[in-house]
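Visitor: Next come the chains, spelled out residue by residue.
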Amino acid sequence: VQKTLHELAVLLKGKVIGDGAVIIGRVRGIEEAEKGDLTFIANPKYLKKIKATSASAILVSPGMESLGKNLLVVDDPYVAFGRALALFHPEDHGFTGISPLAVIEKSATVAGDGNVTIYPGVYVGRHARIERGVVLYPGVYIGHNAVIAEDAILYANVSVYRRCLIGRRVILHAGVVVGSDGFGFARPGQENVKIPQVGIVQIDDDVEVGANTTIDRAAIGRTWIQRGVKIDNLVQIGHNVIIGEYSIIVSQVGISGSTKVGKGVMLGGQSALVGHIQIGDYVMVAARSGVHKDIPPGQVVAGSPHKPHRDWLRTEACISKLPEMRHTMTALLKRVKILEARLQARDEKGD
Amino acid sequence: VQKTLHELAVLLKGKVIGDGAVIIGRVRGIEEAEKGDLTFIANPKYLKKIKATSASAILVSPGMESLGKNLLVVDDPYVAFGRALALFHPEDHGFTGISPLAVIEKSATVAGDGNVTIYPGVYVGRHARIERGVVLYPGVYIGHNAVIAEDAILYANVSVYRRCLIGRRVILHAGVVVGSDGFGFARPGQENVKIPQVGIVQIDDDVEVGANTTIDRAAIGRTWIQRGVKIDNLVQIGHNVIIGEYSIIVSQVGISGSTKVGKGVMLGGQSALVGHIQIGDYVMVAARSGVHKDIPPGQVVAGSPHKPHRDWLRTEACISKLPEMRHTMTALLKRVKILEARLQARDEKGD
Amino acid sequence: VQKTLHELAVLLKGKVIGDGAVIIGRVRGIEEAEKGDLTFIANPKYLKKIKATSASAILVSPGMESLGKNLLVVDDPYVAFGRALALFHPEDHGFTGISPLAVIEKSATVAGDGNVTIYPGVYVGRHARIERGVVLYPGVYIGHNAVIAEDAILYANVSVYRRCLIGRRVILHAGVVVGSDGFGFARPGQENVKIPQVGIVQIDDDVEVGANTTIDRAAIGRTWIQRGVKIDNLVQIGHNVIIGEYSIIVSQVGISGSTKVGKGVMLGGQSALVGHIQIGDYVMVAARSGVHKDIPPGQVVAGSPHKPHRDWLRTEACISKLPEMRHTMTALLKRVKILEARLQARDEKGD
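Quick mapping for you: the protein sequence lines, in order, are chains A, B and C. For the first sequence, the working numbering begins at 1 and goes up steadily by one. For the second sequence, the working numbering begins at 1 and goes up steadily by one. For the third sequence, the working numbering begins at 1 and goes up steadily by one.
Hints are computed from structural coordinates only; laboratory data are not their basis. Misleading hints may appear alongside valid ones.
Copies of the same chain look alike in the list, so a pair counts if it works inside one copy or between any two.
With a straight-line cut-off of 20 Å between C-alpha atoms, the simulated EDC-like cross-links for lysine to aspartate or glutamate are [said to hold, decoys possible]: (1) LYS13 x GLU191; (2) LYS263 x GLU191; (3) LYS260 x GLU32; (4) LYS307 x GLU324; (5) LYS106 x GLU316; (6) LYS293 x GLU7; (7) LYS69 x GLU32; (8) LYS263 x ASP294; (9) LYS260 x GLU31; (10) LYS106 x ASP92.
If you're wondering where the values come from, they're calculated on a predicted model, not measured in any experiment.
Build the full structure now, drawing on both the sequences and the hints.
Guide: In structure tokens, the structure reads:
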């Protein structure tokens, strides 16, 4: 793909400053960009890098216009950069059609042959529905009565259990499991009597789920991942959890059963939430935090057990000073003993 | 499915109080239950909810009889609730038989066509044995000489390596890996010479393993998951580990090589055990604990490195007070300095 | 397989002390070894075990010769033990050839039928290249333009996305995902605009990757696992990460985007590295550490946030003493108050 900067300006809704006829053939980061490349700068503190780059054009935000380079001024340079990447490197799913080597049960409903991509080695169960634009890679398993809505992409070896609902434009990366049984047993540690998990998982539109992440079906009712949520790799989401719109869950997070996460929440890598709590909208949880109770909206927390981020910083600073504190305390103890002895001596002397 | 409360009483071995002819068509939690539903209450502290519910009948324990609702008195309401769920929502594996699109090596032994369920896309290796009642979902891989005992259910894309043994009624959720090589290398960090892992994994009867959990084969001998153990999603179990009967391992736990876990042990989510230690029977390890040495039977531990739970609580309380402690100590230091100065002044004055 | 100790001496490049004609049929650990077995001792502190063992021969290092048993003296007994295991328990991949039930796109390049092992249920995409000696187990997915170099072994249900490069003799255990999209979104928590991930993963020769581990493709450029690296199960490696030669990554570690790990580094289980940092050569990171900034070469660190290991030990010792410290401080406070009162009384008395 080759485009002039002018053409890109139309596609990315930006304004050219400099030579609009310059030809762009590739998109690169600012450090690696060379002649023929488009790059971007999101943060004014990196302005110096613009001077050093050999890129043929740079995406910048308004107010960064006069830099003596070919610029494309856009509202959000990082978003525009993403769109440019999609333009120059469109993902290619290989073919449209239903492979004769896929197994599709007769009672399943699949959008016409010209509208879906179903690879060899896919299995689609009874009464499942596969809508138009869906891509199912080899090894994908769709249980009975599951629904895969329009334009969803399921990469290799994804497993979607019976009756689960996958929204439009959802992306499930390789090895994702949706709808495995929640972890529910009566008489734990003694007989471990299984409580059947008869609910479902519902994933709303525009969700993306990272490789080998697992999302358990509800005991009763639904586990619910709302619109626009992005989940990284190897995350565990327990039964009956609800994740609010546009929240972001970084890799290896674990969320126990029935916890409700608000919208726009950020959960840092390897953090964990116990079950049956509520996390307010726009909460930020630092990486590796252990959250053991409700968090009101907008809070930033860290640590395990979690604290407000400021308290955590203060506490951590103290912990670093602990050996010194202990030393000081030993010295203090000695000095107080001496003071006591001196006063005692005076008392005994009678003055 | 529809049953009268009387019929349910027979099936769940309970005693009806109230209208035994009432018809039950569904099983729900106490908050959501409506007319026609059976619900349960496990804990007398939720008795108030019984008055508020619209459920047509409620499972209760003995001693909770006189509540003015239709009751089914059973020994353990949660267990009975589980059984009722299984009655009203029986899991349906779709068909009995061996799909012609499964690949079964000639030397494998598979129970007769009418006794197993083998989906398309399954692979069963040489000399493997698949016993009656087994269900193998699409994408299941059974290595050579492996054994899958009666009534085991292996969901989609499970991989069982060569020679591993899966017990009766075992459930392996999608993406589980049993029998991958343990992590053993000579000259680590230099040449990383692989030590072949020639042992097996043995999983005893009635074990359930969550989605994408991995259980490594032994270096020599066996990694052994004993009867009734329940393992959640994304757990890692190293080579030569032994997990005692009925223990419960919550998601994202990691257990390093050769560690022995007793029976009835509970390991909280994201906790970790180092290698070559012994965890006594009925130990409870709090979520996110890091266990670095043996734990005697019956202990409750928390923290990383772990401590007895009481000590951990006391220590955590102190940590929260650290900024305050530090402040107090600075003040103390000042006061002692003043005292010293005052005594010094007296000394110098000569009194 | 049966060999005399003399024959083994030739194969393992060792020197026999004792009866070279003794017949060895098996390889076992020192605790379990019986007549007919070869065992080993790596550490002189276990010399006592040699006297107790019934093994027919023992691998030892130079300087441990005169023990009254049949010995095989080698440079590195553990390495020799590994080789002996491989001799007595060679792994058997079942057949050589390309199953007619594998799906190989026409434009793919696959080494001749006699030189590779491709099981039923494998999918090889357009323009992919499978070199000689490769073994692909059932359910393996190879995306378009990917390369699997000589003698690599990919176990069941491994997914390699488009254009990724897998080196010679690489072992990918079941469920591994290579090349899933990195976690990159603009306007996080608001719109979560996806940044296309157009780079690749490159895995160099002699790398081994544990079951269900995930390695994300680069945003632009490559995520790069260098020669001889060994990665355990359920590890997460973010986009654009570089892991230096012969480093060892224990299970459930998470490494965020663009971090560079040096060579010979050891990362303990469940530890985590934030993004965009550099870890020097031969650094050792204790299990469960949280690393938040660069670490110079050769350091040993622990804790979360991480500290030099010695500081961590000192700090942890203090934390254990915190309840005692707090008690001491309360007592000190009281004693200082008394001193102050006594001095005050004297002042008031006028002496």
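Visitor: At most 20 Å between alpha carbons: which applies to LYS293 and GLU7, within, between, both or neither?
Guide: neither (52 Å within a copy, 42 Å between copies)
Visitor: Can you tell me if LYS106 and ASP92 fall within 20 Å by alpha carbon in one copy, between copies, both or neither?
Guide: Answer is between; shortest inter-copy Cα gap is 17 Å, intra-copy 29 Å.
Visitor: At most 20 Å between C-alpha atoms: does LYS13 with GLU191 qualify within a copy, between copies, both, or neither?
Guide: Answer is between: at 18 Å across copies they meet the 20 Å cutoff, but 63 Å inside does not.
Visitor: When Cα atoms must be at most 20 Å apart, do LYS263 and ASP294 count as within-copy, between-copy, both, or neither?
Guide: Within one copy, since 15 Å is at most 20 Å while 33 Å is not.
Visitor: Is it within, between, both or neither when you check LYS263 against GLU191 at 20 Å Cα-Cα?
Guide: Cα proximity of LYS263 and GLU191: across copies only (11 Å, versus 39 Å in one copy).
Visitor: When no copy is specified for LYS307 and GLU324, does a C-alpha distance of 20 Å or less occur within a copy, between copies, both, or neither?
Guide: Answer is between: at 15 Å across copies they meet the 20 Å cutoff, but 24 Å inside does not.
Visitor: Have a look at LYS69 and GLU32 and pick one of within, between, both or neither, based on CA distance no larger than 20 Å.
Guide: within (17 Å within a copy, 63 Å between copies)
Visitor: Within a copy, between copies, both or neither: where do LYS260 and GLU32 come within 20 Å Cα-Cα?
Guide: between (42 Å within a copy, 17 Å between copies)
Visitor: Pop the pair LYS106 and GLU316 into one bin, within, between, both or neither, using alpha-carbon distances up to 20 Å.
Guide: neither (61 Å within a copy, 60 Å between copies)
Visitor: Up to 20 Å between alpha-carbons, please classify LYS260 paired with GLU31: within, between, both or neither.
Guide: So LYS260 and GLU31 pass the 20 Å test across copies only (16 Å; inside, 41 Å).
Hint compliance for this structure: hints 5 and 6 are broken, all remaining hints hold.
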